[in-house]
Amino acid sequence: MVFQEIYKKCQNIMDKRTSMGDAISRYVRPGAHISIGGFTLNRNPMAAVYEIIRRKIGNLHVYAHSNGQGIDELIGAGCVRAVEIAYGGNGRFAPTCIRFRKAVESGRVLIEDYSNYQMTLRFMAGAMGVPFLPTISSLGTDIVGKWGFSQEFREKERRLSLKKLTVINNPFQRQVDDPRKVVLVPAINPDVTIIHVQQADAKGTVRIEGLTFADVEQARASKRLIVTCEEIVSETILREEPGKNQIPFFCVDAVVHQPHGAYPTACYLYYDYDPVYLNHYKEAAQEDSAYRQYLEHYVYGVKNHQGLLNLIGKDRLALIKAKSPEGYAPGLDRR
Amino acid sequence: MDCSLREMMAVAAAREIHDHDIVFCGTGISMLAAMAAKHINAPNSVIFFETGAIDSLLEEIPLAVADPRVMYGTVLNGGLADSFATMQNRFTGPEVVGILGAAQIDKYGNLNSTAIGDYQRPGVRFSGSGGACDVASFVGRTIIFMQQVKGRFVSRLDYLTSPGYLNGEGGRERAGLRPGGPDVVITNKGMFRFNADTKEMYLTGYYNGVTIEEILETMEFSVDTSRVSEVPCATANEVRILREICDPQGLIL
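In the order they appear, the protein sequences are chains A and B.
Counting along the first sequence from 1, when you hit position 249 you're at 249 in this note's numbering, and nothing is skipped either side.
Counting along the second sequence from 1, when you hit position 197 you're at 197 in this note's numbering, and nothing is skipped either side.
Isolated chain A (complex conformation):
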């Protein structure tokens, strides 16, 4: 009896479910260093991104590998001051993300370029608690030779390393075909990471279906972690097949139940990306006043993500509903 009461109490303390507004306002402060999960047009935590934009949280420093849509919208809405990134593109919908391109060309956003593997290693180093990891990628290139941030900026911002990266001789070289040199890339520990996943329980244990991208490394590297999910499932279900889970509950600070939380990007097994939305976005992004109208209508003009989904309507959401076993919407008109 006593044990049951204690257990119940623990359950309450451990229940991390909260609203999107509460999670974002509590953990994503102006000037925060953040990273978001997903890759180009898949599993970006878009509901959270739109909430950040609606709350006009600015001056963000973003660590990204290839988070196409989410990063482009954060930059487009003026929330981002600086970005460390490997790829600002969104597949066929944007060989180069348009608001990203405009912001960099006009100098509105500071930028530092790495490769995708380097950004992954930087999150991994942060997750592992080591100051850097080595790679042989980028030797002889301008990724090593040309730096984006000024030394002054690096010195003023204590959360950044003083060097973009450094090249050293391989201290363990023995054979001629061993690497002679390695590039050391510095660890990242974001203030907060936001990921959108298929399933989580109330305490925060995460199950990602399909590709994990670098979500797990990003999540574990971060001081705070917000998990938004399609479904809240019981802990019992997650414990039945623990091999399918990626992040344990103690790494998680907030759990937000947010169906279609990756929309308009895809969420494997749940829904496809919405080509109509992404094509419309692409057009609007070309021109400042059209982009302003896009933001007013689809982001500021709605109260929350459900408001956006209501604008889109049930019919269009039905078109992108994933079929089994494919996990996407076969035959969807993607022109």
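A few of these clues could be false.
Unchecked claim - Some chain B residues well away from chain A (every beta-carbon gap over 10 Å; in silico):
1. Met1
2. His18
3. Thr92
4. Glu95
5. Arg141
6. Thr198
7. Ser226
Said to hold, decoys possible - In silico DSSO-like pairs for lysine-lysine, Cα to Cα no more than 30 Å straight-line:
8. B/Lys150 / A/Lys102
9. B/Lys150 / A/Lys146
10. A/Lys203 / A/Lys181
It is worth saying that the hints were derived from the structure and are not from the lab.
Glycine included, each C-beta is placed from N, C-alpha and C at the ideal position.
Please build the complex by placing chain B on the supplied structure of chain A, with the hints as guidance.
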């Protein structure tokens, strides 16, 4: 068989993929080439993506390397850390063929996909490396797609994103990179390869209806043309596979 130059590019690249190759491909025409190769000349080739998907079924053409279509029917869905480690790995890396594209290329096959003009305040900003620099650093050989237009084949890159042969013979080794480097450059007008010793690009082929002069006049550097011949046209079967099997919605073509 009559086909567009873009279709010809995809076919030319597909022919460069050998059976049992492990093919790293990106978005767009490289994806189409890799898919076509599986139906034409390399049924046992394995397509894998930097996002971590290995040997995807690809019943529909993905529009990005993170498209859920790359996740269906794979042997394994991993993540970025696994896929790049596979290419950096000294045993599996040399087995991989990478397909890359870029905004600029120089005569040693080095690529720029980052910026035109000053890096910090560029005239034109592109997507950046993504996984391209990693692939070009790690794998055994690369196939490069380029548009044959002015400003693309340049004497000096504005930004060196992905290493080819760097500054020529021995360049990769001096920088500390593994052997490897670009094998062929495929454009919408013809094809180039690289001299075994100097690592300089030379013209090896032009498509039906294209003249050597119209290729050369787009380029800022000179290339040897003594080994050039017409690239065999796409066959009816190759074109059918592209149009009917790989890209029936015309999303890439």
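Quick rundown of the hints versus the structure:
no.	hint	verdict
1	Met1	25 Å, holds
2	His18	24 Å, holds
3	Thr92	14 Å, holds
4	Glu95	16 Å, holds
5	Arg141	17 Å, holds
6	Thr198	17 Å, holds
7	Ser226	30 Å, holds
8	B/Lys150 / A/Lys102	23 Å, holds
9	B/Lys150 / A/Lys146	25 Å, holds
10	A/Lys203 / A/Lys181	44 Å, violated
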